[in-house]
Amino acid sequence: MSALLPAFSLQDLDGRSHTFPRGTKSVVCFVKEDCPTCNLVMPLIDALHGESGLGVLVTGQTVDGNQVLARRHALNAPVLDDSELTVSFAYDVETVPLVIAADHEGVEADRLVGFDKNEWRAFFERHAAGATVDWDAYPDWRPGCGSLTQDPIIGERLRAASENSPLSARRVEIAPHDDVHEFMFDQGFSDGLPIVPPTPERVLRMLEGTSRDPQSLVATIPPNLAPATVEKIAVNAVLAGCRPEYLPVVIAAIEAACTDTFNVHGVMATTMGASPVMVVNGPIRQRIGMNMGLSALGQGNRANATIGRAVRLALRNVGGARPGGTERSTLGNPMKYSMCFAEWEERSPWPALHVERGFDAGESVVTLFAMTGGPSLIVDQTSRAARQLAGSFGMSMESAHNVRAHNMGDCILVVSPEHIDTLRTENYTKADVRNRIQEVTSRRLRELVADARSGAGLDPALAAGMPADKLDSLAPKFSSPGNIHLVVAGSEAGKFSAFFHGWASGPRGSMPVSRKIDDP
Amino acid sequence: MTTIMDPTDERVPVARAISPRPPEITGTLALLDISKPRGNVLLDRLEELLRERLPDVAVNRYAKPTFTKPAPRVLRHEIKNDNDFVIEALAD
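Taken in sequence, the protein lines are chains V and H.
Residues 1 to 520 (this note's numbering) make up the first sequence, in order.
Residues 1 to 92 (this note's numbering) make up the second sequence, in order.
What the hints contain is simulated information worked out from the structure, not anything from laboratory work.
Check before you lean on any hint, since a few could be wrong.
What the hints assert, rightly or not - The calculated DSS-like cross-link candidates involving lysine-lysine, where the alpha carbons are at most 30 Å apart (straight line), are:
id	chain 1	residue 1	chain 2	residue 2
1	H	K80	H	K69
2	H	K64	H	K80
3	H	K80	H	K36
4	H	K69	H	K36
5	V	K470	H	K36
6	V	K516	H	K36
Said to hold, decoys possible - Stretches of chain V that chain H covers, calculated by requiring three or more beta carbons in the stretch to come under 8 Å of a beta carbon on chain H:
id	segment
7	315 to 324
8	337 to 345
9	355 to 361
10	414 to 427
11	495 to 509
Yeah, the Cβ is synthetic: ideal placement off N, Cα and C, and Gly gets one too.
Generate coordinates for the entire structure from the input sequences, incorporating the hints supplied.
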């Protein structure tokens, strides 16, 4: 009861300014026209105003409503325009009518909410004992109505604009005659497709998806080496079309991308056209509705599409990785728009990707791979033995980069449910699949020497210096079985699997990185 | 009026002026190989020509550990501290 109330200055219906505190004892009333209880108490409020030494400020929440109130009740008290609701917000008004008595310095002395006849009578006895009121004409009790500041959309606008706003990013004002979408394209915020305007209200709503402080630093994004705060990532998640519950996945993916191990600078810059491919595991898949079944690698699912896109837009906008700038991809790659999907762990007989990578099955995890190509379809509708099918995988995957490129780095093999069923007939493990791929792709070095058919391959001059037993030694497609990352996804129908192939692997290029998702 | 939150890192786009060009090359010159194939071939030839035409200029050779990553901070400082000029060989 002794709190200093927020000072304000508002105009009445005649355009005159009224300030609070006013140096005398006063009463501030918050009302709105369409509230029956507000209308019930308006004569009482005006009676308070009539008491000498007690200045009443009626703070109305709509322009039209204020005029109606003043006319309907022939008010003498000034009706102030708070249609911007800034004062109502500052007073944290939940219910109208709200009546607050304050001393000459603006310290709260008394307050009424809604209408309780006994409370109002007591209030009058304390502050306006001389007023004549026919209390018998009033009901015992009437509930108040919700303040307009409690409307979800209005509340977000006010919270975004308030001094305590959690947002600190630069606000860009777009003139009324400007088309918002064209403006954003002109600024270079987009990947070429339409984006959602990141209004303060939308960004606030996006931030509801995480418990992290909006200003906490998630990562430093190259090439600009710019700080990516939770807020900046949320702005880009809005651009991409994410729902708030996707935000923790986007944050974890940015964390993973900006490690030295993943080396997103090189990934985005390379002329080979690499892009992060994101695989999501754990319970968050179902909670946010990710697709791991039919068309898992394709379009049509909002979570898959927009999470991948949000990461890419943050790399572009915050980090500055843009085609023609540091991004120098010769051909580009559609995965650079977005490539994110979930593993269908329940359809897999194997440990899930994140479990293989050291996480608990119950944890939600995103894993990033730097891939330059894919998904390349592997068509095998006739193999009935696991050994045959895994052989097909290897024979198809040998084409990655170039058939003669052996001892390669990371790749992802996405195995579809029908192919899983074939592999299950012989209880093939992930290790069995990997070993079989290495087996069928192993070539003697002498088969990999550049020749008249193709200049790609082992340098002939180098080969010439090799002893025969060296030239007869076998080189598998991948430098180790561990470079073959197996994930299960796809629909129940179709004996088709797919693979993605990588970029420069290892510490001098990029290595896969997994991050636990802060799944609230 | 629509207000949106800036999705970028908020660097004001300013046209960068290039540093003033000295009238002549004196002192020490760095040749930086970013470690793309054959960058060293280009720099070898360049060094040969520089030594021939500018015999009083000292030449230091540097290489990034890998072309895929930005030069490490220590290397950037070393080049800046020990040289008056730098020529970077980009690629293939």
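Now for the hints, and whether the structure bears them out:
| no. | hint | verdict |
| --- | --- | --- |
| 1 | H:K80 with H:K69 | holds (19 Å) |
| 2 | H:K64 with H:K80 | holds (14 Å) |
| 3 | H:K80 with H:K36 | holds (22 Å) |
| 4 | H:K69 with H:K36 | holds (12 Å) |
| 5 | V:K470 with H:K36 | holds (28 Å) |
| 6 | V:K516 with H:K36 | violated (35 Å) |
| 7 | 315 to 324 | holds (count 4) |
| 8 | 337 to 345 | violated (count 0) |
| 9 | 355 to 361 | violated (count 0) |
| 10 | 414 to 427 | violated (count 0) |
| 11 | 495 to 509 | holds (count 3) |
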